[in-house]
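Model the full structure from these sequences, guided by the hints.
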Amino acid sequence: MQTLVEIRAAAPGGPRPLSARAAGAMTTDQVLSALAAPADGLSENERVRRRQLFGPNAIRTHKTRLLPVLLRQLRSPLLLLLAVTAAVSFFVGERTDAIIIGVILAASVGLGLINEYRAERAADALHERIRHRAVILRGGTPESVDLAELVPGDVVELRAGELVPADLRLLSVTGLRCDESVLTGESAPVSKSVAPVAPESPVAELVSCALMGTVVSAGRGRGLVTATGTTTEFGRIAAGLSERQPETEFQIGLRKFSMLLVWVAAALTTGIFAVNLVLQRPLLDALLFSLAIAVGISPQLLPAVVSTALAAGSRQLANCKVLVKRLVCIEDLGDIEVLFTDKTGTLTEGRIEYMRALDPDGGADGRTRLLGMLCTDGVISGETLSAADPLDTALWASPGAPTATVAKYRRLATLPFDHERRLLSVLVSDDRGEPSIITKGAPEAVLARCPRIPAAAQAVLDAEFAAGHRIVAVATRRADPAATALEPADERDLTLCGFLVFLDPPKSSAREALSRLSGLGVTVKILTGDNPAGALHVCRELGLPAEAAVTGTDLDRLDDRQLAECVKTTTVFARVSPEQKARIVRSQRAGGLDVAFLGDGVNDALALHAADVGISVDSATDVAKDAADVVLLEKDLGVLADGVVAGRRIFANTMKYVLMGTSSNFGNMFSAAGASAFLPFLPMLPSQILLNNLLYDSSQLAIPTDHVDEEQLARPARWNIGLIRRFMLIFGPISSAFDFATFGVMLWLFHADETLFHTGWFVESLATQTLVLFVIRTRRSPFFRSGPSTPLLLAACTAVAVGALLPVTPLAADLGFRPLPGAFLLVVVLLIITYLGLAELAKRWFFRTPPSVATQRERTKGYRIRRRAARFNAKAPRNRRPGHNHR
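Position in the sequence shown (from 1) plus 96 gives the number in the numbering used here.
Listed below are the simulated DMTMM-like cross-link pairs for lysine to aspartate or glutamate, each with C-alpha atoms no more than 20 angstroms apart in a straight line:
1) Lys621 x Glu637
2) Lys417 x Glu608
3) Lys417 x Asp714
4) Lys621 x Glu675
5) Lys939 x Asp805
6) Lys664 x Asp650
7) Lys421 x Asp732
Simulated restraints, written as ranges between beta carbons of each label pair:
8) Arg411 x Lys352: 23 to 33 angstroms
9) Gly478 x Glu806: 56 to 66 angstroms
10) Met355 x Ser277: 35 to 45 angstroms
11) Lys352 x Glu661: 30 to 40 angstroms
12) Asp457 x Glu608: 35 to 45 angstroms
13) Ile929 x Lys352: 27 to 37 angstroms
14) Ser289 x Glu608: 46 to 56 angstroms
15) Met355 x Thr647: 46 to 56 angstroms
16) Phe774 x Arg411: 48 to 58 angstroms
17) Pro776 x Leu163: 45 to 55 angstroms
18) Ser289 x Glu730: 38 to 48 angstroms
Everything labelled a hint here was simulated from the structure, so no lab data went into it.
Since the model is a prediction, treat every value here as computed from it, not as a measurement.
For every residue, glycine included, the Cβ atom is placed at its ideal position computed from N, Cα and C.
If you want it as C-alpha cells, here you go:
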C-alpha cells in the first residue's frame, strides 16, 4: 500500500519524517516517544515551539492580494485590445488621443480594482468570523483551541458530529466510527480501534488512525496529532486541486448576460468597422471607433457594481448576524421558496428543562431519574457532568438531582448514541459489584427492545407528547458478570423502567418570524427527529399550519413519485433519519422550487449538501458548518428573514444596472452606428465614447445603496435573459430616437461642425442615459411613490453636471469639445424631459404583466435542470476543508 503522507515530527534529535503507515503500525508508546509528547498533552511552551516549526494547521489561507485582483480587471479582451491600440496610436503620432484613452482605461480599471478589492476584504472578514475549534488536553485538562493552532504531539478529543482536525494516531476509542467518504468515496462509516488488526496489515493504519477531513459519525475517542496542514493526507490531495469554485445561479446568469453582450457588440463592431472602411476613413480611426463602440455597449463596471452590492450586503448581513462563505451566496438567499428546518432552537427556545421522571404507569419515579443520569456518554467527575448533550446536562443540573448516589456506581463501558439506533447504553457496576446494562433513547426504539410493556405506558407517552414535551425512555437488564464491553446486540430483553420528561418551550419570536417568511413567499416545513405529536403541538402554538405529520416509517413505504406528492402537502416530517431528510429535500427541489435547509447537527449534513442553500449556525457541529453555505450567528428565523430580504435587494439593484446599461448603451451605440453611415466624420471620437461610458458607469456605482420597492422583495426574482433582451430592444430604440432628434437639431438648426456635433451629442447622450435610471429603477411612479437613495441621486446628478461643464473647462480642447450655445442647452433640457416621459410610458406598458405571472414564465424546465445541476456540483465534498486558515 502506498504511504499516505509524509509528516514532520518534533523528536528528541530534531524534526524528522514519520510516515502515517509507520505511525499506524507503531505502538502508542512508540508514537509518543517519537513525537516527544506526554499522554496528557503538550505544555504551552512546547506547543509554541512546534507551531513555529510546523506552521499553522492550514491547507490554504484566505488572504486577499492586490495583484490577482488587478489581473482579473485586465483580463477583458476588449480592454487589452484598446490598450494595445492606444499604444499604437501613440507611436504613429496620435499621442493626445492615446494618452486620453490610456487615462480613461486606467480610471476604469482602477474603479473596478478598488471595488473588487474591498469586496474581497469583506469576504476575508467573513471567513475570519467562521471558526472551527478542537478540544485538546493541556496538562490533562480539556481546553478548546482554534483548529489552526494544532501541532504534532497534541492530544485531541473526538466526539460525534466533529471533523477530524488533523491526522491522528488513536489512543482510546468508545464506539468510534468515522465517515471517510471525503477521502475514499466509501459511504459506510469505518469502525475504529486502538490496536491495529495486525501491524503488518495495510489496513492497520486505517483502523487505528483518524485522518483529517473525515467526520466522526458516532462514538468518541482520543488521538495524538501526527500530521497537520498540507502534510496530512487530506492536505496532500487538496493542495493538488484547483481553487476554482462552482458557479452559483447568480454567476451563471451574469455569464449568460455577458455572452448576450458579446454577440451584440460583435455585430455592431463588425458592421461599424465595415461601414467606415467603405467610406474610406483612416484605418486606425475606424478601428479605434469600432473598439470604443464595443466597449461602450458593454457595462464595464458591472463586476464592480456587483462586488460593491455584495460587499455592502455582506456588511449588512454581518450586522444582522448572518455570515456567508462566499459573497455570491448572498443572492442565493433571496431565491429561497421553501425552508426546511429542525424544530429545536429554531421554533423552540433550545433551552432544555427537565420536568419529571415517570414510571410506566405515569407515577413519579426517582429510580428512572437515577438510571437516566448514569446512562450518559458525558464525562462524570465526582458529582459533576461535562461534555454531555443538552438533555443530560439539563437532567444533571435539575434541582434535587441524586448526584451523590451516581458516584456510588462505576461505568465499565459505553455504547454511544447514533442516529440509526437512536439509543445510548452503558454498562455499570453498583456498590455491590453487580453489573447491569442501562439503555435510554427514543421511546419507540426502547420499547421495541422490551418484550413486555405495561398497558398504561403508551397512554402515558401519548399524553406527554400531546402536551409538546420531549420524552426519553429508560430501560435496563442485568448483564453478564464477565462483560467488559457493549455491542448493539446487547440492547435486547430490556425491562422498561420509565420516562424522563423534558420541556423545550416555543420561541417567543418564532411566530413573528414565521409570519415574515410567509409574507416573503417562503414556505416553512419541519424536519425533526422528535415525536410527531410534539412537533405538531409546537406548530399549532406558533400558528404554523400543520394538520398531520408524516413519519420516517411512512416515508419508507413511498416511492419517489408518491414522495413528491406527499412533500407538496406536508408541513411536518417527524422521526426522520439523516438519509430521509436529504431525500425529502431532493424531492422538493425536483419539483422546481428553490430549497433551503437549516440544521446544526451531524445528522443534518446530508440534507445541507442536498439543498440549494445550506444554512447552519455558529454553535453547530463542525460538519454542519462545513456543509453549509450560510452560517447564522444566532439560530433565529427572524435573522434568516433578514438574509432573504438582503439577497433580494442586492439582486434587484444589480438588475437596475443591467437593464439601464444594456438599454441605454445599446441605444447610444446604435445611434453611433447609424450616424457614422451618413456623417462625413465620426459622430464621436473614441476617447469621448470611453469618457462618456466612464462617467456614466461611475455614477452607477451608487446603485447598491438604492432603495428597493416592497413588491420587489415580496417574491424571488431570477435572471431572465429573454426579458433583458426584450428590454434592450424596446428601450434602446427609444433612446436612439432622441439621439437622432439631437443630430437633426445640431445639423439643421445650429449647423454644427464636427467639434460642436461631438460636444452636443456627448452632453445629450450622457444626460439621457444617466437620468433615465430614475425611471427604470422602479415600477412605481419615480420620485412620487419611490424615491432614490441620496447617494444615487447625488452621483447621477454629479455625472450629468460634469459632462455639461467639461466643454467650458481648460480640458475642452484636449478632449475635442467646445462650449455649447445656450439655446442648444435649452433644447437638450426639453428633449430630456420628453424622453423621460416617454420612457415612463414605455416602462408601464412593458411591465404590464403581473410580476407573479412573469415569475412563473421564467421557470422553464431547461433553466431548472441547469440550475439543479450547478447546485449539485456546488455541493461536492469540496466544502469540507477543515484545515483552511481563515486568518
